[in-house]
Amino acid sequence: MARNPFRSEADAYRFLLLTIGYFALIVAAASLNRWVGLAVFAILSALVLWRWLGTRSAEPPVRPAVPLRSDDAERHILVIANETVGGDELLAVLEQRSEGVREEVFVVVPALNSPVRHWASDEDGARAAAQRRLQTSLERLAAAGVDARGEVGDGDPLQAMEDALRTFGADEIVISTHPEGRSHWLERNVVGAARDRFDVPITHVVVDLEAEAS
Amino acid sequence: MSAHAEHAAHEHAGHGHGPPIANQSSRIEPPVLGMFLFIASEAMLFGAFFTAYFFVRVVNPEAPSWPLEGFHLPVFVAGVNTVILVTSSFTMHWALQSIKRGNRTGLKAGLVLTFMMGLAFLVTQMLEYARIGFNPADGSFGTIFYGLTGLHGAHVFVGLTLLAVATVRAFRGHFTPEHHHGVELPGIYWHFVDVMWIVVYATIYLI
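Those protein sequences? They're chains A and B, same order as listed.
For what it's worth, the working numbering labels the leading residue of the first sequence as 1, then goes sequentially.
For what it's worth, the working numbering labels the leading residue of the second sequence as 1, then goes sequentially.
These are calculated hints, taken from the structure and not from any lab test.
These numbers come from a predicted model, not from an experiment.
Take these hints with a grain of salt, some might be off.
[Said to hold, decoys possible] Looking from chain A toward chain B, a few residues come up when the C-beta cut is under 10 Å (computed):
#1 Glu9
#2 Thr19
#3 Ser31
#4 Trp52
#5 Gly192
#6 Asp196
#7 Arg197
#8 Phe198
[Unchecked claim] Across the chosen pairs, the derived CB separations fall in these ranges:
#9 A:Leu17 - B:Asn135: 32 to 38 Å
#10 A:Ala73 - B:Met44: 54 to 60 Å
#11 A:Leu17 - B:Gly133: 31 to 37 Å
#12 A:Asn189 - B:Gly150: 48 to 54 Å
Every residue gets a Cβ at the ideal spot worked out from N, C-alpha and C, and that includes glycine.
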């Protein structure tokens, strides 16, 4: 998915300069010949589109905005999960990470939504459902002795991680998913994309809730 | 052992007191995002006018001759006006860069220059209307010409109003290198007005 290229006045100013160049070339070509102008318009438009769609890969990795504390006795873990946050494998990883240190776990549950509802901005139901999953998950973590808090995040798991990193100085991100074949996130390569995008160690935990239930 | 959800929406939902707090993404500040969304809606408004313009142009039986016989557009004067408006965007950007560096004099000078050039553009456009030789009732071309350029002129007027407020505030010392939203948002709007004029000038006057 391409990113919004407009985030400040400087971006708007850059867009203005590009617009001047874009139309100058088209007008110059059209003054030679109407069809040359049309061809230049098509080529430039395709170039702009291609450039815009390629902006994501060119961006530097995102670092936590909140500086990490130098206290080695604390470990901050950002957990991103949907339904699997209370799974045994994840709890085992969290317990292992917190051995000998005081852990602070921040759980983000993305408000997953259907594309149609997303585009219609109808996300109240998705957020309410995510809130319920978060509450259940936090209760299971508390029962297992994990000190955790959390919030409902953006429907896009990568965006939810980035949002959380703005306020939570994570030492590590733990992404919890269903096994291969049952996980939409694995199908979309969310783990690989997160490794590319975030300058934070990332651990992928596979939680098989069906196996745990049987 | 303590586990608690921070999300206030749950509390609101549980007690039924008003809507949940807005979900805020990290990429962009809400006032800036609001301005960009407003501009997006404005771009759609311009898009509707451009659609009408190109429709009139394409279906006209006298096409590709354009503008139609009897209509003469002052390309040179509009070109000078374009240079004025583009330059005003440069000074607007300079004003904002100045306050980011703590240069209040640069901010004030940049805003005053931008305002003056915007005013010059608007006055020139009014003079152009007075002398152009046709009016909005003169066929579909006259209607869409005045519709598009008038719509843009209205946006210039709104931009000038925003600039006037920003200029007064700048002279009262309201802006600092850390807090200058009152300049940044009019700046974004002004660049949008400039971009739309380039599209209007290129499509109506030149192509």
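Status of each hint after checking the structure:
A least Cβ separation of about 4 Å between glutamate 9 of chain A and chain B falls short of the 10 Å threshold, and the interface hint therefore holds. For threonine 19 of chain A, the interface hint holds, the least distance from its beta-carbon to any beta-carbon of chain B being 5 Å, beneath 10 Å. Given hint, serine 31 of chain A at the interface with chain B, holds; its Cβ is 8 Å from that chain's nearest Cβ, closer than 10 Å. Interface restraint check: tryptophan 52 of chain A against chain B, minimum CB-CB distance 15 Å, threshold 10 Å, status violated.
This hint is violated: glycine 192 of chain A has a C-beta 21 Å from the nearest C-beta of chain B, more than the 10 Å allowed. The restraint placing aspartate 196 of chain A at the interface with chain B is violated, with a minimum CB-CB distance near 17 Å, outside the 10 Å limit. A least Cβ separation of about 13 Å between arginine 197 of chain A and chain B goes past the 10 Å threshold, and the interface hint is therefore violated. Annotation: phenylalanine 198 of chain A was flagged as interfacial toward chain B, and the flag is violated, the nearest CB pair being 13 Å apart, outside 10 Å.
For the pair leucine 17 of chain A and asparagine 135 of chain B, the supplied restraint of 32 to 38 Å holds, since their beta-carbon distance comes to about 36 Å. Between alanine 73 of chain A and methionine 44 of chain B the beta carbon distance is about 55 Å. The supplied range of 54 to 60 Å therefore holds. For leucine 17 of chain A and glycine 133 of chain B, the hinted distance range of 31 to 37 Å is satisfied, since their beta carbons lie about 34 Å from each other. About 51 Å separates the C-beta atoms of asparagine 189 of chain A and glycine 150 of chain B, a value consistent with the hinted range of 48 to 54 Å.
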